[in-house]
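> Sequence:
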Amino acid sequence: MAFPYIAKELQIADTHIGYIATLFGLLQVLGGPVFGHITQKYGVRVALYFCYGSTLVSALIMYNVNGLYGMYFSRLPVFFMHGQQGHQTLLSLLTAPGKERTNAFGRMGLTFGISFILTPVITLSSTYIFGSRGAMLTIAMLGVLPFVIFEMCLQRKDYDHSDPSSTSTKPLTAAVNWSSAVRVLKKPGTLNILFKKNAPIMPALLTFSILQIYTINAFQSTQETSSLIQMLAGACIMFSNGFGVIWLRKHFDEQRILQVGLVSFFFAFFFLIFYVRLWMICIIMPLTSMGMSLVATVADSLLTSMVEEDEQGVVLGVATSLNSFVRTFSPALSGQLLAIYGFPIFGILGIWGTVLGLIACHFYPIDPNLIRKEKSDEESKKTD
1 MAFPYIAKEL QIADTHIGYI ATLFGLLQVL GGPVFGHITQ KYGVRVALYF CYGSTLVSAL
61 IMYNVNGLYG MYFSRLPVFF MHGQQGHQTL LSLLTAPGKE RTNAFGRMGL TFGISFILTP
121 VITLSSTYIF GSRGAMLTIA MLGVLPFVIF EMCLQRKDYD HSDPSSTSTK PLTAAVNWSS
181 AVRVLKKPGT LNILFKKNAP IMPALLTFSI LQIYTINAFQ STQETSSLIQ MLAGACIMFS
241 NGFGVIWLRK HFDEQRILQV GLVSFFFAFF FLIFYVRLWM ICIIMPLTSM GMSLVATVAD
301 SLLTSMVEED EQGVVLGVAT SLNSFVRTFS PALSGQLLAI YGFPIFGILG IWGTVLGLIA
361 CHFYPIDPNL IRKEKSDEES KKTD
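Numbering-wise, the sequence shown is residues 1 to 384 according to UniProt numbering.
One or more hints might be untrue.
Label-pair distances were calculated between CB atoms; the ranges are [said to hold, decoys possible]:
{"#": "1", "residue 1": "Val182", "residue 2": "Arg277", "range": "44 to 50 angstroms"}
{"#": "2", "residue 1": "Gln336", "residue 2": "His16", "range": "40 to 46 angstroms"}
{"#": "3", "residue 1": "Pro365", "residue 2": "Gln220", "range": "43 to 49 angstroms"}
{"#": "4", "residue 1": "Gln336", "residue 2": "Ser125", "range": "36 to 42 angstroms"}
Hints listed in this document are in silico derivations from the structure and should not be mistaken for laboratory results. The beta carbon of each residue, even a glycine, is placed where N, CA and C say it ideally should be.
My request is simple: use the sequences and hints to build the entire structure.
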């Protein structure tokens with residue numbers, strides 16, 4: 001939230017701001033698989049330390065930046081900033097496939113929703129106390145906390161399942177190249193899940209990239225209105241992740257929850273076609289948040305359940321890179337679509353994607369035999 005204000009303070013042209021945003025997206029796309037490889041080779045602890053450190057360094061650079069090239073330089077650490085991917089991998093190592101993992105991913109989504117609400121408050125408070133770049137100092141200070149929490153609140157044996165005696169004799173076959181990603185994608189069921197996940201989410205990302213601009217132009221919404229919409233989105237994400245996912249998983253399996261999420265997306269895109277009054281965002285946002293939470297949470301949980309434990313970081317890296325790729329180019333593409341076809345095109349594209357996802361769910365259901373259960377089986381043996 002502070003980035004555009006710092007750019008304005010430095011009198012950076014809108015064109016360069018767009019280039020910097022594109023650089024951010026490209027580095028995220030390229031960094032996802034590399035981050036997954038680091039997780040696989042050196043462990044999730046090292047990978048997350050890269051993530052935490054990169055966040056801290058980026059904030060400190062931006063706090064001290066005094067020109068255009070410094071702003072570009074501040075974006076370089078985002079190559080390793082993959083918090084969602086890293087913590088999903090960590091949760092995958094701490095939980096069993098199925099209900100336990102899906103619920104854990106849902107709780108992580110709860111924290112994501114909380115951040116939507118707290119971020120505007122923290123940013124404004126930091127700016128008021130420390131000045132226009134105060135948020136960067138706050139980020140740097142908060143960036144130290146994950147190191148402390150990781151070391152003091154997690155026992156290594158809970159997430160590090162490697163056998164120390166075999167580290168010298170068991171070679172790592174993965175490499176940071178396309179063959180790594182292709183090998184993981186060839187695992188039975190992974191492409192099935194990725195398609196069902198991205199069929200509605202890719203149109204949603206296109207919509208998000210232009211929604212704020214359209215709302216400002218169509219309804220003359222103010223910055224306060226944008227903040228309220230963001231807080232509404234955060235509240236909806238908190239509810240859908242913190243309660244919706246967990247409650248639904250008590251009663252239905254992942255396949256059924258995925259279908260519920262797609263149906264929620266369908267109605268969100270339907271109302272998006274008729275988005276002609278600002279109050280309609282109060283209908284669109286809860287439906288979109290529910291769809292995003294259910295589809296993304298369940299799909300990521302299933303993806304980690306269909307590969308080997310040491311490949312979970314890689315498959316999550318591929319999934320993250322796909323979304324980052326869309327985010328990188330969606331502003332330009334969405335702008336063209338808006339200019340040529342008008343805003344309803346985003347609802348139409350979303351409906352088409354959602355329908356394709358529902359068709360895939362019906363004709364290509366998830367094979368339960370593909371879901372790995374080794375962790376839960378080992379735990380049951382220990383109990384016996």
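> It remains to establish, for every hint, whether it holds in the given structure.
Each hint tested on the structure:
no. : hint                                : verdict
1   : Val182 - Arg277: 44 to 50 angstroms : holds, 47 angstroms
2   : Gln336 - His16: 40 to 46 angstroms  : violated, 21 angstroms
3   : Pro365 - Gln220: 43 to 49 angstroms : holds, 47 angstroms
4   : Gln336 - Ser125: 36 to 42 angstroms : holds, 38 angstroms
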